[in-house]
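Given the structure of chain A, go ahead and fit chain B onto it with the hints provided.
Protein chains in written order, with this note's numbering: chain A, 1 to 232; chain B, 1 to 369.
There could be a bad hint or two in this list.
Below, in silico cross-link-like pairs of lysine-lysine (DSBU-like), each with a Cα-Cα straight-line distance of 30 Å or less [as the list claims (entries may be wrong)]:
1) A:16 x A:168
2) A:137 x A:10
3) A:191 x B:159
4) A:191 x B:192
5) B:192 x B:159
To list a few chain A residues with every Cβ distance to chain B over 12 Å, as calculated [as the list claims (entries may be wrong)]:
6) 29
7) 50
8) 56
9) 63
10) 139
11) 160
12) 178
13) 183
These stretches of chain B come out as covered by chain A in the derived footprint (C-beta under 8 Å, 3 or more residues) [as the list claims (entries may be wrong)]:
14) 41–47
15) 132–146
16) 156–169
17) 186–198
These aren't lab readings, by the way, just hints derived from the structure by calculation.
Glycine included, each C-beta is placed from N, C-alpha and C at the ideal position.
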Amino acid sequence: MTLKLGVPSKGRLMDKTFDWFAEHGVQIARTGSDREYSGRVEGVEGIELVLLSAGEIPRELSAGRIHLGVTGSDLVQERIADWENRVQALEPMGFGYADLIIAVPRCWADVDTLDDLDAAAAAFRAAHGHRLRIATKYHRLVREFLREAGVADYQLVDSQGATEGTVKNLTAEAIADITSTGETLRANHLKILSDGLIHRSQATLFKSRSAPCDDACRASFRALSDRLGLGS
Amino acid sequence: MASKAQTLAQAERLFAFCRNSGAQPVQTAVLQPAETLLDLYGEDIRARAYVTSDPLRGEQMLRPDFTVPVVQMHMDDGGDPARYTYMGEVFRRQERDPNRPNEYIQVGYELFGGDDPAAADAEVFALFSEMLSPFGLRAATGDIGLLLAAVQGLATTDKRKAALTRHIWRPRRFRALLERFGGRSPVPESRKRLLADLDRHGVQAVLDAAGPEIGLRSRDDVAARLAALQADAAEPPISVAQVELLEDILSLRETSLNALAHLRDIAVDMPAIAPALDRMQARLDALAAQGIDVDLLDFEASYGRTTMEYYDGFVFGFYAEGRPDLPPVASGGRYDALTRILGRGRAVPAVGGVVRPELVLTLTEETAQ
Chain A
1 MTLKLGVPSK GRLMDKTFDW FAEHGVQIAR TGSDREYSGR VEGVEGIELV
51 LLSAGEIPRE LSAGRIHLGV TGSDLVQERI ADWENRVQAL EPMGFGYADL
101 IIAVPRCWAD VDTLDDLDAA AAAFRAAHGH RLRIATKYHR LVREFLREAG
151 VADYQLVDSQ GATEGTVKNL TAEAIADITS TGETLRANHL KILSDGLIHR
201 SQATLFKSRS APCDDACRAS FRALSDRLGL GS
Chain B
1 MASKAQTLAQ AERLFAFCRN SGAQPVQTAV LQPAETLLDL YGEDIRARAY
51 VTSDPLRGEQ MLRPDFTVPV VQMHMDDGGD PARYTYMGEV FRRQERDPNR
101 PNEYIQVGYE LFGGDDPAAA DAEVFALFSE MLSPFGLRAA TGDIGLLLAA
151 VQGLATTDKR KAALTRHIWR PRRFRALLER FGGRSPVPES RKRLLADLDR
201 HGVQAVLDAA GPEIGLRSRD DVAARLAALQ ADAAEPPISV AQVELLEDIL
251 SLRETSLNAL AHLRDIAVDM PAIAPALDRM QARLDALAAQ GIDVDLLDFE
301 ASYGRTTMEY YDGFVFGFYA EGRPDLPPVA SGGRYDALTR ILGRGRAVPA
351 VGGVVRPELV LTLTEETAQ
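Looking at chain B on its own, in the form it has when it is part of the complex:
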């Protein structure tokens, strides 16, 4: 087990590597306003981050990652393009496994702006690939943007697409929704009764019978959703063929070029994913130009769906194959949508990643032995 001093020394080396690649070193506060993070990640973040309170500033969170404060900093006064690097502790509350560290050092590299997202994706990936080249790690890649495009490509209502999109990062709920919209799971009895009542008596009568109006969710809110339920019930299910196309995409695991060829076949029946495939092609070209062997690069369409839910494009991770017990040594991805949320309407293309120095040190020691 590496000492903290050794880990820090390793972090300094990785930090220097990022600076030498042209990134400007930045720092962020350890205490972050909890509200921003809670609004982004939802209540689940409370199980993973330390929340503390400040008598004047309200709830504060020990930073669970750097991305959010770095994005905020950039949106306030960043140039275009801008490259940042940082080094410091992140804090993760552990409710299950006492052996997992609750604080560890991250070194990160983030790239904002520019006019060539494919080149930016490739630059960030290649940086971590080179940094970690002594250890023979397996790289995993995926593309959340492709999944978002595939959902948009379904021949169904915008409401259904929005519901599926909202749950891209919760695979089980996503599956349940797809089963329902595809007509493959039975409509619950209570819903059938409700729809029958609505047909027979109308929305207002159903509301009158339900109970006195209490709380902030108003009668109009309820009426709006009842109308939405009626409208949805009148819609045909998503066709079997379309559901199968989507499932085909979701389960795709191949080397990148084979994956792209297969996806091109799918695009014949689902043309909406074609632009995402053009972007994937451009990214693979840019990766090849960076010296990455794209023939061997794994692509897993569902990769990144269960991690942080702000990634919405290219995603990647580097894994020590001999050590399945270790978390990814480095990981990252594209998060354009996050900049739009934190930039209050203004958006900047952004891609970045982080590496864990103590894991690099562990692998260095193993390689030396």
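Next up, chain A with everything else stripped away, as it sits in the complex:
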């Protein structure tokens, strides 16, 4: 049985993943034409490369259809319920940094903390007749974070893109989204709450806890671990 390694199939995340493995003595390359999603792994025997959209890698890991996968820790924690029991984070890879944060309009001079957000939400609901809307695509992470913080009287509205624009478009009052430099937030007159960091994400090598693995597959994993210096 081969060890299946899922890596992002395109873009900067793919290039950086290939670079990271190369730096650790494992050559990964795509094969065939630019458009063909196939590749090979050199340096360790018995590994099959699976090129996938980064967003699908958490699901494949959780289902046990791939043994290893590279994706953002934000995606794993958002998309896999009880993720710690389904996958294991083997190694943070030092790229693909992004912070999942809560941001509110800069004109909210009275709001700087989650405590303020909670109080503002209560007053907003009383004045406007509905719960304060927070636009996001990270529903689970945001909900758990706000529950831990004891924030009430908010509702999450789904936003799969251009989330920073939702406040100006009156479809949300605040947002929870990924940011790396904060540039887009500033351009849209938003500010990050001082205690509004939900998750600091980076590309991470994950291992499925449920993928079936025979002796040959385990041998490949040990060889790869040694080469990558995991657990050392």
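Chain B in isolation, oriented as in the chain A frame:
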């Protein structure tokens, strides 16, 4: 592990017990409009209930409990007093523990109206106590109404009391607020700066400097809260003595009569809780009249704060002491405020509870062995 058929048979027995106690059997739809439940419980309910969508009716929820639809039914056309019983599945989404059931049967008993809340509390408690008497369960009781009264009794502003009341059911946030209002946690630097700016430049100048107005939360909304922050900063902290009284109440765990005696002592310094204590006294008398041994009945002032947040009076649960792994076999409480919200201004006193037949069956099997 009991089969579904066995559980259903057990549910039928409990359902018959409730009907024989004079309750009218009722049914509710499995699919409930999600909006009502979301407005009541907030976004957290999404983690605990299944949400599905209907192309015409919008978001629907598989009923996570019966109380809300039964209240709605009663508020539409119920008599006074009215006793209802029901039996059926409830659905609970599990995001953490795959071993917890995501659907199970509940049998419930709800009592609406009447003019003697103490007697109603006692009737419902005694019903479940008798139903479960073969299993030697430990009963836990509490009183959210007492906590609400204690918060109202604090010598501080209405705004602070409202903020504390809103978070009675979120103990950690409640604690943080109490620390702040009591002057025991430091004011965040950003708040200090903001207050200084407001003092120096005024609300309008602070707003002008903050950024362009965007979104539905208006400049007036922000100005109103800035004014509220200034007003609150000018208020003295809640006194140490008052915070200690409240903490004393919150941490109280005693048998009911001892608890009441202790609370009477506290009421000397916090007279606002006296009416709640009179109600507690009346309830204990009514429980004794129902044959409950109130000398042994546990009272835990913070009981029920982390469960469903609609209880606002007497709360109770029945636990199998030898099986700490099991959830409460039965639980319930008073929820007058919920009837006011769902009745659009009209309110009816209401108290009720639910029992889980599959747990009763588990205990029956253990008792038999």
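A quick look at each hint next to the structure:
| no. | hint | verdict |
| --- | --- | --- |
| 1 | A:16 x A:168 | 35 Å, violated |
| 2 | A:137 x A:10 | 21 Å, holds |
| 3 | A:191 x B:159 | 27 Å, holds |
| 4 | A:191 x B:192 | 19 Å, holds |
| 5 | B:192 x B:159 | 20 Å, holds |
| 6 | 29 | 39 Å, holds |
| 7 | 50 | 27 Å, holds |
| 8 | 56 | 21 Å, holds |
| 9 | 63 | 15 Å, holds |
| 10 | 139 | 8 Å, violated |
| 11 | 160 | 16 Å, holds |
| 12 | 178 | 20 Å, holds |
| 13 | 183 | 16 Å, holds |
| 14 | 41–47 | holds (count 5) |
| 15 | 132–146 | violated (count 0) |
| 16 | 156–169 | holds (count 3) |
| 17 | 186–198 | holds (count 4) |
Checked against the numbered hints listed earlier, the structure breaks hints 1, 10, 15; every other hint is satisfied.
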